[in-house]
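Sequence order for the protein chains is A and B.
For the first sequence, my numbering begins at 1 and goes up steadily by one.
For the second sequence, my numbering begins at 123 and goes up steadily by one.
Worth flagging that the hints you see were computed from the coordinates, not collected in a lab.
Just to be clear, a hint being listed does not mean it is correct.
Partial pick of chain A residues on the chain B-facing surface, computed with a CB cut under 10 angstroms [as the list claims (entries may be wrong)]:
no., residue
1, Pro-16
2, Thr-57
3, Leu-74
4, Tyr-118
Glycine is no exception: its CB is placed at the ideal position from the N, C-alpha and C atoms.
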Amino acid sequence: MAERYSQALMKHFTDPQNIGKIENSTLAATGFNESDGDGVKFYLKLEDDVLKDVKYTIKGCPRAIAASSFTSQLIKGKRIDEIMALDEQRIFEELGIDQSFTCISMPLEAVKNALKEYTQSK
Amino acid sequence: MKVYLDHAATTPPLPEVVNFFADTLRDYPGNASSLHYEGQHSRQLYQWAKQTIANCIHAEYDEIIFTSGGTEADNMALFGYLKAIKTIHPERKKVITSSIEHEAVIESVKELGKMGYEIVFVPVNNKGIVEIDYLREQIDENTAICSIMFANNEVGTIQPIKQISERCHEAGCVFHTDAVQAMGKVEQDVNEFGIEMLSASAHKFYGPKGVGFLYVKKGTPLEPVFYGGGHESGLRSGTENVPGVAAMAKALEIVSGKINEKRVLYQKWSDQIFNTCEQLHGVQLNGDRENRTPGSLSLSFSGINGEALMGMLSMDEIAVSTASACKSHSHSKGGSHVLTAMNCPSEFINGTIRVVTGWDNTDEQIDYFCDKLKEKVTLLRRLSNG
Chain A
1 MAERYSQALM KHFTDPQNIG KIENSTLAAT GFNESDGDGV KFYLKLEDDV
51 LKDVKYTIKG CPRAIAASSF TSQLIKGKRI DEIMALDEQR IFEELGIDQS
101 FTCISMPLEA VKNALKEYTQ SK
Chain B
123 MKVYLDHAAT TPPLPEVVNF FADTLRDYPG NASSLHYEGQ HSRQLYQWAK
173 QTIANCIHAE YDEIIFTSGG TEADNMALFG YLKAIKTIHP ERKKVITSSI
223 EHEAVIESVK ELGKMGYEIV FVPVNNKGIV EIDYLREQID ENTAICSIMF
273 ANNEVGTIQP IKQISERCHE AGCVFHTDAV QAMGKVEQDV NEFGIEMLSA
323 SAHKFYGPKG VGFLYVKKGT PLEPVFYGGG HESGLRSGTE NVPGVAAMAK
373 ALEIVSGKIN EKRVLYQKWS DQIFNTCEQL HGVQLNGDRE NRTPGSLSLS
423 FSGINGEALM GMLSMDEIAV STASACKSHS HSKGGSHVLT AMNCPSEFIN
473 GTIRVVTGWD NTDEQIDYFC DKLKEKVTLL RRLSNG
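Here chain A stands alone, though its shape is the one from the complex (with noise of 0.2 angstroms):
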């Protein structure tokens, strides 16, 4: 366990923040793996486009728990515009985990897909 997980990741992963949900969320934001039912959904709550609140809910590897939890914490309280042009390899390199492992970039890719869809139909 010690290679394949660092100690970052295993602090998120035994300890996710900002589990939950969220009753009035302005959106969802859900990344699945089809093949395996793994899958987590935020909660986000939005005021004058700031991530003013978020919460999730997820059923993952270790790696999914953890970049859940570091995501969730990266993105609350910024703007919308600041959220989208998060680059992914800040999670990867926080959690100290190899890039091609895509759980790590799912819970992100998901927030920026939903928050995409959010402003276009705005």
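Given the coordinates of chain A, work out where chain B should sit on it, guided by the hints.
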């Protein structure tokens, strides 16, 4: 409290085996092929080891070939036998195996396929038992060898070995079994089961890693797969690993004498673990509930990821294994080929852990594991439900 429940991956060597290994490493420094007194001293121990192992499986002394482990034994059986009969039986070009074999057999037969052999992977039912009627049909006069594992490494299901070997003999083909998971857990009698070749690995029965053996019934043609000084009657060159084979023999001698006693204990623990799972709901036991290696449980949990459960348990120093882990380069899973072959739904495969009890476990450890299992499954389900 550390709780090791991954005894199908490897077993911790028994203390008496560790001591025996250390003693022989120190006290038997000679090359067992040397003719001087030191070499002959080592030779005697090597001969004791071979006879002890032969006795444990009801074989004869010169039917045992020492190897570096199960993978080498499987390769030797398949490639060595086919090489030996190539000119005697050129018409026998068919190799039959099951869809749930260990990679040591699966990858070997794939290689044989590239060499021109016809490969047949026999499917299994939802309990992980080979479709015996299909297997019977497939074994014919063109079949060279049929290799079916004795017990599966993921779900523990034991195959109908005697029925398979009988069909092989009717068709005049040789039967090999990878008995790596069964050795030391299930009584082995190569004559009773009608086995021509059998692979085993010491570290699965509380012996050292890097040593195993292949049983080859007298009269079964076999050629070496690599060459050198002609050790093991020319079939497996390389200086004899005297401390390794001696420790392996010691381990097998000890565990073979306690198979029934351990079966009762493991059944009690398996029942306790399974009862805990039933309280959790949404849990499936994979494989055959009765016809399995004692102590082996493959458990699938709905609504959670098996790797996450393994990771959570590991944080509390509980070691289990998972049937599925993310592969790099995609989010697709390195899912279990065994559970896939058993038609287990992908969501269950994704939520599977393997729990295998062993000699070093205690009642207190199983109580602790059951408590932690409930806690971690509940926690992970909470993450997915919010």
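Check: Which of the listed hints are not met by the structure?
Finding: Of the numbered hints, 3 and 4 do not hold.
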